[in-house]
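*Asks:* Under the numbering used here, the first residue of the sequence shown carries the number 8, and numbering increases by one thereafter.
Think about it this way: if two alpha-carbon atoms lie no more than 25 Å apart in a straight line, the pair counts; the simulated DSS-like pairs of lysine-lysine are:
# : residue 1 : residue 2
1 : K247      : K378
2 : K378      : K237
3 : K247      : K237
Read the hints as simulated data drawn from the structure, not as lab findings. Quantities reported herein were computed from a predicted structural model and do not represent experimental measurements.
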Amino acid sequence: MIQTITQYNQPDFVLLNWQASLLMIAIGFLTVPFNTVWRRALPMFETIVLVFHFAGFCATIIPLWVLAPKNSATQVFTETTNSGGWSNTGEAALKVPPDLGRVAYVVIAGLSLLVGQVSVFYCMAGADSAVHLSEEVEDTSLNVPRSMVWAFVLNGLMGFVMLITYVFCIGDLTSALDSPEPFVATFLNGRGSSGGATGPTIILFILLIAGNNTCTTTESRQMWAFARDKGLPFPGWLSKTHPRWNVPLNCITVTIGINIVLCLINLGSTLAFNIIIGLQNVGFLSTSIISIGCLISARLRRDPLPPARWSLGHLGMPITYFAVLYASFLVTFCFFPVMVPVTAQTVNWTPAIFVGVVVLATSFYLVNGRKVYTAPVTYVEGKRRNGMLQSVT
Numbered sequence: 008m009i010q011t012i013t014q015y016n017q018p019d020f021v022l023l024n025w026q027a028s029l030l031m032i033a034i035g036f037l038t039v040p041f042n043t044v045w046r047r048a049l050p051m052f053e054t055i056v057l058v059f060h061f062a063g064f065c066a067t068i069i070p071l072w073v074l075a076p077k078n079s080a081t082q083v084f085t086e087t088t089n090s091g092g093w094s095n096t097g098e099a100a101l102k103v104p105p106d107l108g109r110v111a112y113v114v115i116a117g118l119s120l121l122v123g124q125v126s127v128f129y130c131m132a133g134a135d136s137a138v139h140l141s142e143e144v145e146d147t148s149l150n151v152p153r154s155m156v157w158a159f160v161l162n163g164l165m166g167f168v169m170l171i172t173y174v175f176c177i178g179d180l181t182s183a184l185d186s187p188e189p190f191v192a193t194f195l196n197g198r199g200s201s202g203g204a205t206g207p208t209i210i211l212f213i214l215l216i217a218g219n220n221t222c223t224t225t226e227s228r229q230m231w232a233f234a235r236d237k238g239l240p241f242p243g244w245l246s247k248t249h250p251r252w253n254v255p256l257n258c259i260t261v262t263i264g265i266n267i268v269l270c271l272i273n274l275g276s277t278l279a280f281n282i283i284i285g286l287q288n289v290g291f292l293s294t295s296i297i298s299i300g301c302l303i304s305a306r307l308r309r310d311p312l313p314p315a316r317w318s319l320g321h322l323g324m325p326i327t328y329f330a331v332l333y334a335s336f337l338v339t340f341c342f343f344p345v346m347v348p349v350t351a352q353t354v355n356w357t358p359a360i361f362v363g364v365v366v367l368a369t370s371f372y373l374v375n376g377r378k379v380y381t382a383p384v385t386y387v388e389g390k391r392r393n394g395m396l397q398s399v400t
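Sequences are here, hints too, so could you generate the full structure?
*Replies:* Here it is in structure tokens:
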């Protein structure tokens, strides 16, 4: 993002991988103070970011409404662009008769759309962040689910408004897609100058830094809790907290270290970096399927569950069923190549890497984890057996 806007302002600037890697490492280090020495200022910082989030939304979208040339509704809602190569390959592979060619195109173009939704799902990254801070939140059983639901609703509405605005103001689609950052090209199209595009880009950059800070906080807490329950290697070291700051400093260090390693991988091979990042969706969806599936199983067996202070009422179970079905549907397309024909640079290595991670995790559990790991649900089960837990309807 910073590289792109710099190139627009300085046309002789050359985009290089090492620049992006160093920027990502620097942003990672920026999160350390708010998670250590400035930890008490973190809630106030997050509140300021929330206000800036809404203000930045208005400052970004209103100038596009007023200044940007608009595509027609016909272009936005009826014209399709399939740049993944699925349509031609699909029709050739199916060898459909001429009279069915249009049908085949629609089917395969639909497949291209389904593969493309995986990229859109990245917007969901971090939606569960509040859960990882549950042990530090007052009145957890009420505040955590309420904040997750309302954050999803509000950001979903804002995202939908931004999406409609974006597709109307993007201008020529091919030119935008050829840009390193299409949304920066849209800002340039709307403002008419590189200086005008710099403002909203900086707003997004600041919000990304703030989001990265939140990710460091939640990831370190999740790692600490898992290590405390002896679910990770070196649990004694990872589960330690700093005696003065009372934060999981070792987990914060590991989190930043992993960030640095990923950035260094990007220096050597962007393909390898993208393969590792591609595991995010598969990991998120697969664990969601397992956890929500266990909840559905418990409800079908009418097992006692902890009382729910925040409930979706009669909509709860239909939403739960839909979540499992859609996650199962979507995770399938996480293993598809983004485009065809497939080459060494476009092949999706996620299935192989995912299987490797599962094998390593399973091996660790069988060799050591099953002997020492105590899942949090064990304590809930103990309360149920002792008659301390009542069923939830």
